[in-house]
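Participant: Next come the chains, spelled out residue by residue.
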Amino acid sequence: MTATLRSGHSNEYPLDITPAGQNLLLMANGLDSMLRWNGLGSLADTAGVIAPTTAITFPNNQPPGLITATQGLTALVRFVDTEGNFSDPSPASALVTLTDQKMVYENVEVPTESKVEKRQIFRTLDGAAAVAFLDIETTDLTSTRFESDKTDDVLSSGIQLVLVDAVGDTPAFKFGVPPNHKAVVVSHRGRMFLAVEREYDRGSVVVTNGSTSVRGIGTSWTSAMKGREIYVVGAPRSYLIDQMDVSSQTIVLNETYGGVSDSFASYTVRSTGSERRTIYWSEPGLPESWPAENAFTVQETGDEITGAFSRGNFLYIVERNFIHRLTFNFSPADGEIFLVAYRGCINNRCTILGADEKIYMLDEQGVHAYDGGRTTAPISQQIQDLFRPESETRINWEASRWFHGIHYPAEETIRWFVALSGGRFPRHALCYQYRIQRWWIEEYPRTMASSTTGRIGLPRNFVGTSNGEIVAISVGTLDGAGPVGTIRGEVSAATIFSVSDTLAAFDSSVVGAMVSIVKGLGKGQEREIISISGTTLNLAYPWDILPDTTSVYQIGSPHWKYRTGWFQWLVEERQNPRSITTLWEPIETDGIFNIKIFTDRSKVADKMGLTDSIDGISTVEGDTDIEIDMTKNIGYTRQELGSSRERNTDGDRFVSFGLEGFAPKAKVRIHQLEVDGAFNA
Amino acid sequence: MSYLGRFKQGTEVPISVRTVDGSGVAVVPAFVPFAEILGAGGKIDTFELPVKDKAVTTGLFQFGLFLDSNYPVGQYSVIYRYRANSLDRLLEDAFEVIEGGNVAGSVNSTFWWDRPEASYIVFERDDGKIEQGRNPFIVNSEGEFG
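Protein chains in written order, with the numbering used here: chain B, 520 to 1200; chain V, 220 to 365.
Derived from the structure by calculation, the hints contain no laboratory data. Positions of the beta carbon are idealized from the N, C-alpha and C atoms, including for glycine. Keep in mind that a hint or two might mislead.
Mimicking DSS-like on lysine-lysine, the simulated pairs with C-alpha atoms at most 30 Å apart in a straight line are [claimed, not checked]:
no.	chain 1	residue 1	chain 2	residue 2
1	B	K745	V	K348
2	B	K1151	B	K1126
3	B	K1186	B	K1080
4	B	K621	B	K669
5	B	K637	B	K669
6	V	K348	B	K634
7	B	K745	V	K271
8	B	K745	B	K637
9	B	K1151	B	K1080
10	B	K1080	B	K1122
11	B	K745	V	K273
12	V	K262	V	K348
Computed Cβ-Cβ distance ranges for the label pairs, DEER-style [what the hints assert, rightly or not]:
no.	chain 1	residue 1	chain 2	residue 2	range
13	V	S242	B	T1130	56 to 64 Å
14	B	K621	V	S288	56 to 64 Å
15	B	S526	V	P291	18 to 26 Å
16	B	W1085	V	G241	53 to 61 Å
17	V	D287	B	N848	50 to 58 Å
18	V	E231	B	T1108	33 to 41 Å
19	B	G831	V	G224	50 to 58 Å
20	B	K1122	V	E231	31 to 39 Å
21	V	S242	B	T1021	52 to 60 Å
22	B	L562	V	G224	32 to 40 Å
This is chain B alone, in the form it adopts within the complex (with noise of 0.2 Å):
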């Protein structure tokens, strides 16, 4: 079961969670306010406390009592939440003087935030402005005025506010919000920092010439944008937002628009321009508190911030093209940030700490490994064809904001998520094992838009896909297939959107998971369950090829390739027989896997010439598999591959294998491929 902590929350980029000490995570996505939660309460609230903006009045005359203030005194007002987090104090009242009176507060402001608990009430010491002191704490939140009788002497001796301190500094508002357009939020050295700007321009907007009010259309926009600019494609310049109406979706702008009327523009809404290379930092020990001038500037590369790091006693920043790494003794305020290397990270999300004391990133060059100074070593050249513009199958920039990577320490092996097509979120994982350098390709039957590491037994990595579920990768051998019901049988029956098992008993748990053909008519064809009706499967889309009575299903089946590179045949055959051996671990539960032939460069694997079985190895005439089945104890097969071809005739010069399978419940294990007869070409 599953609890929600807030609702309404914008979707458009992800949420960067970071834990702030053990008891506490922040959330942030730059179109929202911040939030907190503490693991113990039913809800997340918003992070910092909201300042009161009004200040403390006094009536004309205030009655009788113990207090002469001959001088002067001021008084403020500060909202304390339920976690004992601040506000910063209201602004300064007017001074007012007593002669044996007492203490009125009037106009005292009334929180808006439901997490306020209580009320303090500060002033100052007759004559004396640097220092107040609390003199009314109430958890009364509608009352606006307070009576004390409480004399400097007695409130000295109390709880102190320094306003401005020997060194000018104000200490008691050192308590702001944290900023709610920046995205990503970093741990390091007992402060959080936040990094990364977010531009909103879903949808368009309606302007009109001499008009401040910007309707939007199609539109998502947060109460937390007021305050940030629009930028309207045509429009002379930017705009402050002044108002937001959330529910009407309407802006009204600082000024009037003075570009075209447009029932048809295109926008973006982003912070001030000054903010966007602009880091904040938090308090020490105090999370939530983000005073405005904890904040530093990374130099102009004229690239975009893209995430942040903590790593030893650096903050890294990190754009699309270049890292810069921020060192400080006591304060970031006194620190120094250098442009340290000439490669990047796309998000925040696919900057990975490897155990091997590499970070590694994914840019739009490709992978890189960064040994945190200032070397950065490409590593992808495997699957670098993904990165070229002109390759058949590339990486989608365009979903770049929803890329994610993970690192599995069990596997030693990292894991980027990225889209290779047009859709919104992953679908394939670009693989890395670091300990051999070796890459592969993996394809994911549903999205895979976030991931995460947790323990559950063991160290484990999870994965956030379509239809609210979350997923433990690397964990059995089937996908979605629960532990009980039926995965695997014959097809009795099929129709373009259905298929039946007469002996099956399906488990509701198969709902979501793929059933794959593996034998038969129709082979190689998966499609996703979206409902079981009796022994009948229904299928999101429909079979290319309908499967009949020969057909064999799996259900969860992972499908899995390997192909290998173009071999030359040597020339003499009957001194160089040909021949494919292929190890494997033989399995008890039925299993197949299939082995392909490809000639002379073709694309399109040859077609077997006949029909036949014998010791495990089956082909069908126009087929192009090789079918072997892995229940064969001996966990070998060799098929010889003679093409008669002589010195002085023609026949098949190039060959490469394919193999390939959907896995069954067992394990495939394929220790060995041999080829006899060739060399590599």
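Dock chain V against the given chain B, drawing on the hints supplied.
Facilitator: Showing chain V alone in chain B's frame:
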């Protein structure tokens, strides 16, 4: 009429129209086109369509309709209305919502959090909800463990 395809709850249907005149030439309409979604029980929603790729394409308007709980399994029609060259025009598309979906949509962000009293997985869904699950466990073809 075009058939837009089969979609599940929790996914987006690409609702789009190209505003053309009587000769089939793409034109800029007089006002923002809007779409009505009709189901078995009548009208479900009406919304305006934002312009798409205006710099390179004339008259293309597109919106991603998120299939929430207002769209149960069934057949739906999309009626587009716009005005081009002083004439009101109307076009129609259709789509189908099939079983197997979840109005929550995709899980877009996830985070595992170990606390003293329990482990949590905190995640955000496509429907804008942030959720937490305490002490998650795994169920697979070999059984349940956690």
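Participant: Give me the numbers of the hints this structure contradicts, sorted from smallest to largest.
Facilitator: none
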